[in-house]
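Protein chains in written order, with the numbering used here: chain A, 1 to 390; chain B, 1001 to 1290; chain C, 2001 to 2330.
Treat the hints loosely; a few may be bogus.
[As the list claims (entries may be wrong)] Each computed DMTMM-like pair below joins lysine to aspartate or glutamate, with the alpha-carbon atoms no more than 25 Å apart:
{"id": "1", "chain 1": "A", "residue 1": "Lys73", "chain 2": "B", "residue 2": "Glu1110"}
{"id": "2", "chain 1": "A", "residue 1": "Lys73", "chain 2": "B", "residue 2": "Asp1119"}
{"id": "3", "chain 1": "A", "residue 1": "Lys82", "chain 2": "C", "residue 2": "Glu2285"}
{"id": "4", "chain 1": "C", "residue 1": "Lys2049", "chain 2": "A", "residue 2": "Glu117"}
{"id": "5", "chain 1": "A", "residue 1": "Lys247", "chain 2": "A", "residue 2": "Glu370"}
{"id": "6", "chain 1": "A", "residue 1": "Lys299", "chain 2": "B", "residue 2": "Asp1119"}
{"id": "7", "chain 1": "A", "residue 1": "Lys116", "chain 2": "C", "residue 2": "Asp2165"}
{"id": "8", "chain 1": "A", "residue 1": "Lys186", "chain 2": "B", "residue 2": "Asp1264"}
{"id": "9", "chain 1": "C", "residue 1": "Lys2049", "chain 2": "A", "residue 2": "Asp281"}
{"id": "10", "chain 1": "A", "residue 1": "Lys116", "chain 2": "C", "residue 2": "Glu2206"}
{"id": "11", "chain 1": "A", "residue 1": "Lys369", "chain 2": "B", "residue 2": "Asp1119"}
{"id": "12", "chain 1": "C", "residue 1": "Lys2284", "chain 2": "A", "residue 2": "Glu85"}
{"id": "13", "chain 1": "A", "residue 1": "Lys286", "chain 2": "A", "residue 2": "Asp303"}
{"id": "14", "chain 1": "A", "residue 1": "Lys73", "chain 2": "C", "residue 2": "Glu2285"}
{"id": "15", "chain 1": "A", "residue 1": "Lys220", "chain 2": "B", "residue 2": "Asp1264"}
{"id": "16", "chain 1": "A", "residue 1": "Lys198", "chain 2": "B", "residue 2": "Glu1110"}
{"id": "17", "chain 1": "C", "residue 1": "Lys2317", "chain 2": "B", "residue 2": "Asp1093"}
{"id": "18", "chain 1": "A", "residue 1": "Lys288", "chain 2": "A", "residue 2": "Asp222"}
{"id": "19", "chain 1": "C", "residue 1": "Lys2284", "chain 2": "A", "residue 2": "Glu68"}
{"id": "20", "chain 1": "A", "residue 1": "Lys299", "chain 2": "A", "residue 2": "Asp360"}
{"id": "21", "chain 1": "A", "residue 1": "Lys31", "chain 2": "C", "residue 2": "Glu2285"}
{"id": "22", "chain 1": "A", "residue 1": "Lys95", "chain 2": "C", "residue 2": "Glu2285"}
{"id": "23", "chain 1": "A", "residue 1": "Lys54", "chain 2": "B", "residue 2": "Asp1119"}
{"id": "24", "chain 1": "A", "residue 1": "Lys247", "chain 2": "B", "residue 2": "Asp1264"}
{"id": "25", "chain 1": "A", "residue 1": "Lys82", "chain 2": "C", "residue 2": "Glu2328"}
{"id": "26", "chain 1": "A", "residue 1": "Lys161", "chain 2": "A", "residue 2": "Asp303"}
{"id": "27", "chain 1": "C", "residue 1": "Lys2284", "chain 2": "B", "residue 2": "Glu1110"}
{"id": "28", "chain 1": "A", "residue 1": "Lys389", "chain 2": "C", "residue 2": "Glu2091"}
{"id": "29", "chain 1": "A", "residue 1": "Lys195", "chain 2": "B", "residue 2": "Asp1264"}
{"id": "30", "chain 1": "A", "residue 1": "Lys324", "chain 2": "A", "residue 2": "Asp303"}
{"id": "31", "chain 1": "A", "residue 1": "Lys82", "chain 2": "C", "residue 2": "Glu2167"}
{"id": "32", "chain 1": "A", "residue 1": "Lys82", "chain 2": "B", "residue 2": "Glu1110"}
{"id": "33", "chain 1": "A", "residue 1": "Lys161", "chain 2": "A", "residue 2": "Glu70"}
{"id": "34", "chain 1": "A", "residue 1": "Lys198", "chain 2": "B", "residue 2": "Asp1093"}
{"id": "35", "chain 1": "A", "residue 1": "Lys195", "chain 2": "B", "residue 2": "Glu1110"}
{"id": "36", "chain 1": "A", "residue 1": "Lys299", "chain 2": "A", "residue 2": "Asp321"}
{"id": "37", "chain 1": "A", "residue 1": "Lys31", "chain 2": "A", "residue 2": "Glu70"}
{"id": "38", "chain 1": "A", "residue 1": "Lys220", "chain 2": "B", "residue 2": "Asp1002"}
{"id": "39", "chain 1": "C", "residue 1": "Lys2049", "chain 2": "A", "residue 2": "Glu85"}
{"id": "40", "chain 1": "A", "residue 1": "Lys317", "chain 2": "A", "residue 2": "Glu163"}
The hints are simulated quantities; they were obtained by calculation from the structure and are not laboratory data.
Listed below, chain by chain, are the residues.
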Amino acid sequence: MNRPMNRRTAVALTALTLAASVQAQGTEKLKVGLMLPFSGTYTALGVAIENGFKLFVQEQGGKLAGREIEYVKVDDESDPAKATENVNKLIRRDKVDVIVGTVHSGVAMAMARAAKESNTLLIVPNAGADAVTGAMCATNIFRSSFSNWQSSYGMGTVAAKQEKKKTAMTITWKYAAGEEMTTAFKEGFEKDGGKILKHLTVPFPNVEFQALLTEIAAAKPDAVFAFFAGGGAVKFVKDYAAAGLNKSIPLYGSGFLTDGTLDAQGDAAQGILTTLHYADDLSLPKDKAFRTAYARNYKLQPDVYAVQGYDAGQILKVGLDAVKGDVSKKAEFAAAVQKSTFDSPRGGFTMSRAHNPVQDVYLRKVVGKENQKIGVASKSLTDPARGCKL
Amino acid sequence: MDLATFLVQCLNAVQYGLLLFLLASGLTLIFGIMGVINLAHGSFYMLGAYLAFALSPLFGNHFLSMLLTGMVLAAVFGYALEWLFFSYLYQRDHLQQVLMTYGLILVFEELRSMLVGNDVHGVPIPAWLSGSFSLGGIMQYPWYRLFASAACIVLAVALYVVVNRTRLGMMIRAGASNRDMVRGLGIDIRRLYRVVFAAGVALAALAGMIAAPMASVYPNMGASVLIICFVVVVIGGIGSITGALVASLLVGFVDTFGKVFFADLAGLGIYVLMAMVLIWRPEGLMGRRA
Amino acid sequence: MNTTTLSVQTTPAARHRWGATAWLPLLVLVALALAGFLLQGYPADLVVKIMVLAIFALSLQLLVGMTGLVSLGHAAYFGVGAYVAVLASGEAGGNLFVLLALSMGAAALYALAVGALSLRTRGVYFIMVTLAFAQMAYFIFHDTSLGGGSDGIYLNVRPAAGPLDMENRSVVYYVVLAALAFTYGLLALIQRSRFGAALAGIRVNEQRMRAAGFSTYGYKLAAFVIAGALAGLAGFLVAARDGFVNPEMLSWHISGEVLLMVILGGMGHLRGAVLGAVAFTLLKEVLATQAFVGPLANHWQLTLGLAIILFVALLPKGLIGLAQRRKEKQ
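I would like the entire structure built from these sequences, with the hints used as guidance.
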């Protein structure tokens, strides 16, 4: 076109551009990248987290801080070797605003590093590695679940003080989560006068426990603390009972020993005490409402993973509301989250300065097919965030 | 470690070894007779475990009948699989077999996920095998584990008898040493291979079914036993069932006592064993010299 | 009992020559160098990832395609290289060249130890022994305090040497490209040398080579060590790129995948290794992206498994073999 633009057109064009940019700012879609296990052993956990998160967003009408949520999914395959590539897909290819993930701690560590480098918001809805809100902590990294330390420390103090056990042995797989859990149990146990006889380990993911069960039977400690999850947890509890040890040496565990596995464990699990930040029969109104809504939506019973996914949504909402949808304002986002109390199906929790939940850790007992809450092992427990410089 | 504990640990080692043998015997049969490396063998173990999970409510206490039915079903599946897939692998080199069966593992895992889901399941021990007896006052030993060991021994003997004392066994051994001659003698080698493969699958599935009440039934369960199984077959010598038995027991002992004495390095144990055996006897303990 | 025979195109007598075949790799090199200026963000990441995998696959090609040694434990040297890069970097990061030398050296050393012992075995036993040694390395990094445990360890500061700072993505791109060019060039040189001819002879008929007076054990060991060092180079680059290493980098799945790349591309040809790395990476991307395969993306294991089976069954000589067949038809 040869003629210069006349004034009317120019004004109209400017108005349109302004209007468009205002639109873009406030109501452009918010991209949430879900990096979770959608194949392999942890698939059920990944699905539960996704379901919980989406349920929360659905309850908010599909929008957070006025922005519609758009999801991008990446299957992390629970493989730490591919974790950096996978998370970079979300950050650099899909350009997500927030990353939610994951279950496996090794993968989560890689995600935390990448999120820290690119200053992308990361909310971890499960991985309990202490370092995520410890040495790797950052303004833009949050966790809606627990730290390994938190979930086992209380069991140690309960075993020593309440159950009056003097000696104990721990048994777990030889990997980071197992070490963090058993170290935390030892810390709690020895703080209240107990003594750990031996830390037993099984190479991961070996499930042949007979040799070590024989060791336990020969050493006769007052109690045994075990951390296993999934198929390993089922086998261990069954083998423990089959060896007759459940009648002579009480078995304690982090909640994952009996979470989602009671159907398969059956009678062998009866009476086991565990600690976790959730239980199957909390009589809290929020929990009841959550469980009903979840069951109605997905035709499944929710578990602790679904709750963590749901609460990841809560954290995102609180932060987004405070920054009016502008995810670049990391400091304000973090400040708002740190000030809030979250009404979670697990009970109320706040956030520590390292961005890990400060929460009640319940003492549960296996009765029938449920983990029943019989008390509180640690009230408002804060993870010590060792190595965190926030 | 006192004598009583030591003896119990030996019992543990033998029991684990015998179960490994059941699994490894199928693999060494397929490997030795047909020369096919089958990475998907762990998937057959998983198949057995899921079969046990599916059949258990139907059979209740009739555990032996369930095992038999499961074996038959697995054998039929194996027969069909050989016909449709594995028969094409014989002419190919080992590398191609490794990769194609690796692809098969992925296919089986995903099919399992789509058909049966990803939950962890348990299989109840039949009433007449439940309970335990006291083992020298140290701990209780479940009757079921004793049954498992006994079943493995029975299978081992049966295998030996079939391979060394029957006509079928003769054909198998002949086919292993000289395929063409056997065909020249009028024996349908293809049918023979199909039968052997079906037997291998049935053995692996049986191992899975026997292990299911003790272990649990969960995704990826095949992967963890697969490598151990290969280690056993290689240590024992490919194609040798006696070798597989000796190697399984060796691995059982190394695994058991490794966990007790070398906690940190227990994972390395069986690989160190394999490396040492192969350096001393490069064709395995009882393998034929190439 | 069948020994492990590998179907490869070239006859033992024909030595590779320079000339007509050299222009294609050079063209690709120039194209990649130019692309480094144009590509940003995720596409650049993808190219870097493929280039690193190509180095890894090339290192295995030396063993499998050129010498006829099928190793199912190649990830071990990859992992050792990566871990040494992280372990030897201090709080403030390390010198790029020093760390590179240490990584490749450590990988070569482990390859020397493993090769010296494994090369006493043959065929399937060799495959299994290499796997066993890889598993040993895996467990050392996974279970002992040497490696920092199953969650892996991360680099505080990436390696640098003056203006070459790996914190800069462009620098990473060109360093990786240079490493790829070096690896390809080195292997091309080897292929055309007497050493390479000896390796080819060993691949086709080892007994005949021994009868001709060659000490085949020495040649095989040399190939094994060089292959290990180059795999360590790939590992170093991954550590420097990601800033994070994990014991899963030594898992047998990784060993299996790199073997897949070599066979997918075509054994015995250097271009095959590169092509295989490209094809396999793109295949996995496509199968896992909903934009291409819709709901099947969730079941990528099924589609990938079927794809692998079909590829290996229908294209035993790989993609290079496909290209050659079409050339023959003309």
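Now the hints, each set against the structure:
no.: 1; hint: A/Lys73 / B/Glu1110; in the structure: 18 Å, holds
no.: 2; hint: A/Lys73 / B/Asp1119; in the structure: 21 Å, holds
no.: 3; hint: A/Lys82 / C/Glu2285; in the structure: 13 Å, holds
no.: 4; hint: C/Lys2049 / A/Glu117; in the structure: 18 Å, holds
no.: 5; hint: A/Lys247 / A/Glu370; in the structure: 20 Å, holds
no.: 6; hint: A/Lys299 / B/Asp1119; in the structure: 15 Å, holds
no.: 7; hint: A/Lys116 / C/Asp2165; in the structure: 19 Å, holds
no.: 8; hint: A/Lys186 / B/Asp1264; in the structure: 19 Å, holds
no.: 9; hint: C/Lys2049 / A/Asp281; in the structure: 48 Å, violated
no.: 10; hint: A/Lys116 / C/Glu2206; in the structure: 53 Å, violated
no.: 11; hint: A/Lys369 / B/Asp1119; in the structure: 16 Å, holds
no.: 12; hint: C/Lys2284 / A/Glu85; in the structure: 13 Å, holds
no.: 13; hint: A/Lys286 / A/Asp303; in the structure: 14 Å, holds
no.: 14; hint: A/Lys73 / C/Glu2285; in the structure: 13 Å, holds
no.: 15; hint: A/Lys220 / B/Asp1264; in the structure: 22 Å, holds
no.: 16; hint: A/Lys198 / B/Glu1110; in the structure: 40 Å, violated
no.: 17; hint: C/Lys2317 / B/Asp1093; in the structure: 12 Å, holds
no.: 18; hint: A/Lys288 / A/Asp222; in the structure: 37 Å, violated
no.: 19; hint: C/Lys2284 / A/Glu68; in the structure: 30 Å, violated
no.: 20; hint: A/Lys299 / A/Asp360; in the structure: 29 Å, violated
no.: 21; hint: A/Lys31 / C/Glu2285; in the structure: 20 Å, holds
no.: 22; hint: A/Lys95 / C/Glu2285; in the structure: 17 Å, holds
no.: 23; hint: A/Lys54 / B/Asp1119; in the structure: 21 Å, holds
no.: 24; hint: A/Lys247 / B/Asp1264; in the structure: 29 Å, violated
no.: 25; hint: A/Lys82 / C/Glu2328; in the structure: 40 Å, violated
no.: 26; hint: A/Lys161 / A/Asp303; in the structure: 29 Å, violated
no.: 27; hint: C/Lys2284 / B/Glu1110; in the structure: 15 Å, holds
no.: 28; hint: A/Lys389 / C/Glu2091; in the structure: 16 Å, holds
no.: 29; hint: A/Lys195 / B/Asp1264; in the structure: 21 Å, holds
no.: 30; hint: A/Lys324 / A/Asp303; in the structure: 31 Å, violated
no.: 31; hint: A/Lys82 / C/Glu2167; in the structure: 20 Å, holds
no.: 32; hint: A/Lys82 / B/Glu1110; in the structure: 19 Å, holds
no.: 33; hint: A/Lys161 / A/Glu70; in the structure: 49 Å, violated
no.: 34; hint: A/Lys198 / B/Asp1093; in the structure: 49 Å, violated
no.: 35; hint: A/Lys195 / B/Glu1110; in the structure: 46 Å, violated
no.: 36; hint: A/Lys299 / A/Asp321; in the structure: 31 Å, violated
no.: 37; hint: A/Lys31 / A/Glu70; in the structure: 5 Å, holds
no.: 38; hint: A/Lys220 / B/Asp1002; in the structure: 14 Å, holds
no.: 39; hint: C/Lys2049 / A/Glu85; in the structure: 8 Å, holds
no.: 40; hint: A/Lys317 / A/Glu163; in the structure: 41 Å, violated
Checked against the numbered hints given earlier, the structure breaks hints 9, 10, 16, 18, 19, 20, 24, 25, 26, 30, 33, 34, 35, 36, 40 and satisfies all the rest.
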